[in-house]
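Order-wise, the sequence lines are chains A and B. Counted from 1, the first sequence has number 130 at position 140 by the numbering used here; the numbering is strictly sequential. So the numbering used here is basically just the index in the second sequence, starting at one, shifted up by 63.
No lab work stands behind these hints: they were computed from the structure. One thing to keep in mind: the hints can contain errors.
[Stated by the list, open to error] Here are some of the chain B residues that sit facing chain A, going by a computed Cβ distance under 10 Å:
#1 ILE85
#2 PHE163
#3 LYS220
#4 TYR365
We put the beta carbon where it would ideally sit given N, CA and C, even for glycine.
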Amino acid sequence: MIFLLQKTLIFTIPLLIVALAGMYAERSGIINIALDGIMIFGAFSGALCALLLRRTPFFVDHNQLTFVIAMAVAAVSGALFSLLLSFSAIKLKADQTIGGTALNMLAPAIALFFIKVFFFKDQLEMVPAANSEGKVVDFGYVIQNKDMNPVLSIFFDKAYISTFIALAIFILLSVLIYKTKTGLRLRACGEHPQAAASVGIEVNRMRYLGTTVSGALAGFGGYVYIATVANGQATGAVAGMGFLALAIMIFGNWKPLGIALGALFFGFLKCLGVIYDQLSVTINGKEIYFLKELNLPMYFYNLIPYVAVLLVLAFTSKRSRAPKAEGIPYDKGMR
Amino acid sequence: MNKEKKGLFAKEGVRSVIASLICILGGLLVGFIVLVCLAMFNENIPFSQAVTGIVTVLAGPFSAGSFHDAMFQLGNMLFQATPLIMTGLSVALAFKTGLFNIGAPGQYLMGAMGSLIVALSIPTTVVPAVIVWILALLTGILLGVLWGAIPGFFKAKFNVNEVIVCIMTNWIAANVVSWVFKVTGDNFINYAETKVNFIRKTATNGVATWSFGLNDLFGGSYLDISIFIATVIAIVLYVVMNKTTFGYELRACGFNKNASKYAGMNEKRNIILSMAIAGGLAACGAALWCLNGSQDFKWETYLTLPADGFNGIPAALLASNNPIGVIFSAIFLKYLGAGGSNLAAHTSFNEYVSPLIVAVIIYFAGASKLIKDLLARGAHKKRKVAAAAAEPVPPDTGGPPEEAESPSAEDPPEEEPAETETPDVPETTEGGEES
C-alpha cells in the first residue's frame, strides 16, 4: 500500500507541475500545446547539465545539489524555448496550435541531433561517475529514511527532493495567480484582452509572462519526469506526458485544485500500468499478487489512463469552461 | 478595378505557393546555420563539412553517390512518400473542415493492423491474391474510419476539443495494436526470419502490391503502383472537396458551424463524417505501405507512434491544405529525409537534421497567413503605384469637389484605407474558404 502511494506520488509530480504550466499559458490566452516538446527540451538540457557537472567529483558527492542545479537549468531552458512559442503567437500572430506542433517536432529533433553529434548515441543516459574518493557511484537522488512511521514514509522515504520543490512551487504559483495583482491581470488577458487593455494592462507583456512561466514549469517537469520516472534517460520523447498533462488541465477546469485532483488520479492510473505486477496483498500470511493473477497484458493497464481521460472529458464537458480568449491572437482593434 | 491586370501576388494560390517556398527557405537557412555553428565550435568537424552537409541535404536522394544508388533511393523515396501523402491528405481534409487531426498516427496504426491481419490470414491458395489485397485494403480503411470517427463523435456530441481526443486515441491505438498482436501473435509474427519484433511480410502469403517493373526500373527499390493510387485519391479528394455539394457542406461546417446549422446542414453529422474520412485516408496510407509486401511492421508500438502519422501535419501545412499540393509537399519531405540519411552516411552530422529543418519550416508555416498578407499588401502597393502612373491626374486629388459631395471624407488620410480595402474584399473571403 505504502509502496503504491509512494509510486503514485512520483508519477503525480511531473503531471501536476506540467498541467500547472499549461494553466499559466492558457489563462494568459495562449494555447500551449507544446508542453510535450518543452518537457523534452527541458529533460535534454537538464540531463546534459547533470552529466557535465558530474565530471567534477564535488558534484558527485553532492547529489542533491546537482539535482537542484539540473532542475534549475531545465526550467531556464524550458522558459527560453517557450519564447519561440510566444514570439510566434504574439509577434507573428501565428496559429498557436501549429506553432505548438512545430515546437513539439523541434524539441526531439534538436535533442536527438545534438546527442548524436556529441555522444554518438540516440539517448542521454545518466551514467555513474567517480566521486571525490575515486569510487564510481550511481545517481543517488533518492532520500532514504528507512525507519519511519508508515504515513510519513509516503513522503519522506525513497523520496526525491524534486517532490518537495514541485509541491512548494505549485502552492506558491496557485496562490499567486489568484491573490496578486499580476495574477489577476494575467487572468484578465485570457478572458477579455481588449477589456484588460482598456484599463491599462499590457496584454502582450502578460501573455509573454504567462507563456514563459509555463515554459519554465514544463521544462522543470520534463527533467523531473526523466530523473524520477524514466530511469534518467533523456530520449527524444516523454511518452506523451505533456499531452496527458494538457488533458489533466482541461479535466481540472483550468483551476489549480482541480488540476491537483486530476494529476493525482492520472498519476495513480499511470503508475498502475508500471507496477501492477508488483502489487500484493497479504491474506492469511500469503502474499497474493492480485493484479498479476488476472493475467491481463501490460497494454491493458497502459490503456486505462487514456480511456479514463476520454470518459472523464465526455462527462465533464458540460461544466468545462476554458479561458474565453485562448488561442485568439490579440488584436487591439477588435471589440 | 477588378478588370485591371493583376500582379503576380494577387492570386491566392500563387501567394500560398510563395509563402510555402519562403517557409522552406527559412527552414533550410536555419538548418544551414546550425551546421555552420556546429562546425565552428566543434574542432572534430571541419568547416567545409557544413557546406557539404547542406548540399547533401538539398540534393536528397541524388547525393547517394552512384547513379544506381541514386535511382534506388529515388524509388524508395517515392514509395515512402505514399503513406505520407495519405496522412497529409487526412490532416489537410480535417483542416479544411476546421478540425485539427493530430490523431493520424493512431488511425495509421489501426489501418496497418487491419490490413495486415486480413492479408495474412486469408490463404491465397483458396482466394485469389487480388481479392485478398482489396479486402485487406478495405479492412484497413474501415478500421481507420471507425477510429477517426471517435474524435469526431466526441467533438460533435460532447463538444470536447478534438486535439485532446485525437492524442488519447493515438495512445489507445498504440496499445490496442500491441495487445492484439501479442494475443494473436503466433499467426502473424515473423518467426521464420527470426524477427520477433516484426509482423510477417505480406508477400509470404503472396499478397503484394503490383509494381509492373517499377521496382527494377528504380534500382531494385520497393516502388510499386501505390504512389499512383495515392495520387488518384488526392485528385478525387480535390474534386469532391471543391466541386461537390458534399464537399462544400463539410467546408462550410468548418468555416462557421452555426451558420451552416442555420442554413439547414446537419453540422454534427458533418463533423463526424470529416473525421471519419480523415481517419480512412490515414489508414489507407498505412495499408498501402504494409501491402507492399516486403515491409517490416514493428508490432510492439505501445511506446512509439509512427512518424508518418505526425508528418502528415507538415505535409498538409506546406501544401496550404490543397490535396494536389500535398502530393508535392509529401514527396519534398521524403526528399529531405533521403538527404538526411545521406548526410549521416557521408559526414559527421546525422539524419536528425532533416526533422529539425522540417520543424522550423512548420514553425514558419504557422505564420504563413502573415506572410500571405504581407505579399498581398506588397502586390497592392505595386498596383496602386502602377495605377497612379497610368493616370497622371487622378480624380481624388481635386479636394474641394470631394468635400462637397461627401461630408464624411474630411480627412484625406481616411480615404486611403477605405480605398485599399474595397478590392481586398473578394480576396479575403476566398482566402477564408481556402484555409
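Here is what the structure says about each hint:
Using the Cβ-Cβ criterion of 10 Å, the hint placing B/ILE85 at the interface with chain A is not satisfied: the shortest such distance is roughly 13 Å. Because the closest C-beta pair between B/PHE163 and chain A is about 6 Å apart, less than 10 Å, the hint holds. Because the beta carbon of B/LYS220 sits about 8 Å from the nearest beta carbon in chain A, less than 10 Å, this interface hint is met. Interface hint at B/TYR365: satisfied, since its Cβ lies 6 Å from the closest Cβ of chain A, which is below the 10 Å cut-off.
Comparing the model with each numbered hint stated earlier shows that hint 1 is the single one that does not hold.
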